[in-house]
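Protein chains in written order, with our numbering: chain Y, 82 to 384; chain Z, 82 to 384; chain S, 82 to 384; chain P, 82 to 384.
Simulated from the structure, these hints should not be mistaken for lab results.
No experiment lies behind these values; they were computed from the predicted model shown.
Each hint can be trusted.
Since the list gives no way to pick one copy over another, a pair counts as held whenever it fits inside one copy or between any two copies.
In silico EDC-like pairs for lysine to aspartate or glutamate, Cα to Cα no more than 20 Å straight-line:
#, residue 1, residue 2
1, LYS365, GLU192
2, LYS305, GLU254
3, LYS169, ASP120
4, LYS112, ASP282
5, LYS305, GLU253
Each chain is listed here by its residues.
Number of protein chains: 4
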Amino acid sequence: MVLGRIRTDLALETKEKFEEERAEVRGVAVKEEYNEEKDIRTTTVTIETENGAKTMGRPQGVYITLEAPNLSVPDEGYHREISKELAKHMRSLLPPKKNLSILVVGLGNREITPDALGPDVVSNLHITRHIIREYGAEGAGEEAVHSISGLVPGVMAQTGMETLEIVQGVAEETKPDVIVAIDALAARSIKRLNRTIQITDTGISPGSGVGNHRNGLNQETLGKKVIGIGVPTVVDGATIVRDSMAHLLDTLEEEEKKEFLEEMIAPSLHNMFMTPKDVDDTIKRLSFTISEGLNMAFSKAEE
Amino acid sequence: MVLGRIRTDLALETKEKFEEERAEVRGVAVKEEYNEEKDIRTTTVTIETENGAKTMGRPQGVYITLEAPNLSVPDEGYHREISKELAKHMRSLLPPKKNLSILVVGLGNREITPDALGPDVVSNLHITRHIIREYGAEGAGEEAVHSISGLVPGVMAQTGMETLEIVQGVAEETKPDVIVAIDALAARSIKRLNRTIQITDTGISPGSGVGNHRNGLNQETLGKKVIGIGVPTVVDGATIVRDSMAHLLDTLEEEEKKEFLEEMIAPSLHNMFMTPKDVDDTIKRLSFTISEGLNMAFSKAEE
Amino acid sequence: MVLGRIRTDLALETKEKFEEERAEVRGVAVKEEYNEEKDIRTTTVTIETENGAKTMGRPQGVYITLEAPNLSVPDEGYHREISKELAKHMRSLLPPKKNLSILVVGLGNREITPDALGPDVVSNLHITRHIIREYGAEGAGEEAVHSISGLVPGVMAQTGMETLEIVQGVAEETKPDVIVAIDALAARSIKRLNRTIQITDTGISPGSGVGNHRNGLNQETLGKKVIGIGVPTVVDGATIVRDSMAHLLDTLEEEEKKEFLEEMIAPSLHNMFMTPKDVDDTIKRLSFTISEGLNMAFSKAEE
Amino acid sequence: MVLGRIRTDLALETKEKFEEERAEVRGVAVKEEYNEEKDIRTTTVTIETENGAKTMGRPQGVYITLEAPNLSVPDEGYHREISKELAKHMRSLLPPKKNLSILVVGLGNREITPDALGPDVVSNLHITRHIIREYGAEGAGEEAVHSISGLVPGVMAQTGMETLEIVQGVAEETKPDVIVAIDALAARSIKRLNRTIQITDTGISPGSGVGNHRNGLNQETLGKKVIGIGVPTVVDGATIVRDSMAHLLDTLEEEEKKEFLEEMIAPSLHNMFMTPKDVDDTIKRLSFTISEGLNMAFSKAEE
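Model the full assembly from the supplied sequences, consistent with the hints where possible.
See below:
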């Protein structure tokens, strides 16, 4: 199947690709909701069987996608409605008990603007673990429900270590109940950029993210439930060229097409990413919206 | 002529385009040198006549381009040889007298990694103007030759002002003899990225730079000699797609081609840029190399 | 009088000093208000005569001081009440007309945490001047009332230029109606740190600020109304030692005391500042509170 | 003994205190060297016995202190001589074999200028572990001798976790042979600030550092040799006041003195630090000098 070669970190895009091709996908349930007032579209893709996982090229689990065109637009209220929506879904994925210990991991490279999303989210979180350990739950304020810790592991070029190694070590030592990992993603289509949030209980897939994680962060590798939150902030260089040429190539046979593309797309394109010119403001707003959503989800406030 | 529509900030690329087309360019002198040991290629394009300026689509003046493949590669000595080469050319463009007052302007947006080149260069400069004004030339150390001030004006989205307005105002007030403006550029070709430095006595052209300057910074607008230093750090989103498709389109007529491209290239692409994944390290190295070159050019050290 | 030598940037502290000494201050009117619910104390010191100015050691004008103990404490709403209070006073100092052109200057050094207040405030402002110039007032949204530009001039060690030179030049070129200058101040007393905001229509005094401005920014030097907003974020090294010893020295004669202190306080102390260990969080919150206050004052929102 | 209450992170200062008091310190060997040409004074304090450790209030081991007045002064060569000296001592403390795996930990808070030393050092290091693991030792260049990884754990207020927990976890997972921890320290005396580097094989003491580490990083807690590198960049607020008053108090009895001081020093002073006004430039230079020293020590270059 040709799909595997076209990189996307969004389950939604994989699903759409199938729909375009009128392909049937067994073992995959899709539910769509649209809130007209807030202009937020929520699509829940549930991969229910091993077969569905194989077809979709991603692990079994729930993939919730919020699409909010306004997310990439400046906004006085810093997108409070979207934060609330995100908080609601986070709560639905967290185990239904109080006093969870949650480790939030901000993946990505804080020195590269579109990849700084994860680190920026962690820097806006209300960190409470050390206060609760010292003074008990009351010490962290009446609002606090869970014990929150935060980690910004950096990327391999900065640390010499796999992200997974660092998170494994820290999780081993601090024993959180749940891990939440936030990452900037690569999308296949420009129109998704900076207006889509994907929340999944399958963690972070290997090969995803702007900087490409070689190993996944998930239940299997970390021994804990891992909730992944991703926002596409870049498009892969090769992808954009490939897609732009797609129509042009419609007349060619599949095999010819493949050869042609491989010849054509300069290898250097694979080491490039494309991002909007206002990426600095966008990342600032997005990270604030997400951290506010998490702060709500982790507390009694704004329920 | 189709050239005007294809955006490049490098005189070298314009020249090459003509060569490809075997076009003759009157009023333009070209000199090439190659230093094999250091692997630095220097091309000096001098636009000598009004006619040459018209054909090249840029003002009369000297455009020196250093091409150093190693510039984008990590290096212990932080590219000392390239700094020296840059210093040599800077000195050749500065008026031949001591005690110049030089205002160095770091253009671009420090919040966007590939556009932070100019601000980063200024932050590594030896600023001496205030010391010389307070304690005389001896106060700034024996090495100092010129009086150096630095300005990071920011971009219009941050300031609400044209860069030119800010630089005009500051130059009016502080009366430098020469202005040096450093900017991250958009290149037409990926292979130039982060390995080319353009030095010109024509300043910064309108419409150039990652963030697009609406007004040029030059002798005419500022009433002073303006030396522009530019490094291509991004490729324009639309350009890359256009170029990738060029071969494919070779069979089409010029007019058809134009129409086809205009239809095809999503308008959103024009608001995107493409840059390499290691842009953080690259910008750090480049800005250091350039600021060291300027520090040398402005002092007696390392002559 | 010994007062002049004890450095404080707060008119309030000067006034208190007089009160302690039961000194009479003619030509100075003081009005105090306390909002119990919000726990905000507002003191308005108006220096009405040349004589009052001489006694107080600061120019004639209005000095509004907001004291809010909670300002230095983490807060979900980012101190919305204080932002509103600040907005109210800003509006009272602005000329009573619409469509003002306002240049907001963020003074201080963004590389030093407690001095980054001014630059941080500017980076959170809604900048509208360029939008209004391009698309008219409607382009900037219905909320916009004034045309806002922002400038972060940097400090002399980074630029080689006096802050005043840069602001003069930019104001000359862009012709704002009013200038608002935000600065981190040095307080005399630890208890004021990070919980006091001073708003004055006399601009920024020479010698004030963490980095010491050699020239004032005011009506006289800039030819425009200058509203100064200051928050004490550091205590001067020498001041703190001096104050700590004050009681101990109460038995000495004034002249002896002066000599003793001068001998005793290491000169190096004058090049040091003292600041709280959580200065990073504090500055983040403070700058957000102030920029929100300004955003309110400059728009129809939240009136 | 009163010493324990006066906080210093420098073994050298403790030693001096004893010398002042003409106290004898058994089990402690001191060696001094002065390189006149480079103006670097090297003091090696070796605590040889349990008794010596008790008297000095720090663990048995080697404490090398480099004092270089020029370290706090701008310098073209970024203090190359001091980097070399540091490299020499680092090599003397590393186990005498090739191909060590070394984890360098940059302690401190990168958001607070004088505490950013550790994080800044790590960001300038040549990280090689991931390259060596992928391509073998040759992949990392001929210069590489050891496999280097880097970690910036952040501070407890940002992570909710003890630094020790994070380092333990990561060390457990990645199994380095040696850990090098870099930290900004609090000095007792202003004259040491930013001109002293302490290198010790006893790691980082509990209670040391600008932000105070509650648990030490050492052989005992981490199961590996830990080399600590510390530079005093701040003076504790309470310390400076206490010291300034010392002479004044010489006439009082010890007990009176203690009471007096406790009454006098505002508790808030204990949450403050004092640092020089040019701390931004100083930290930039210092971190570069140290990272260059480490890069030398970890490679064949510049031996």
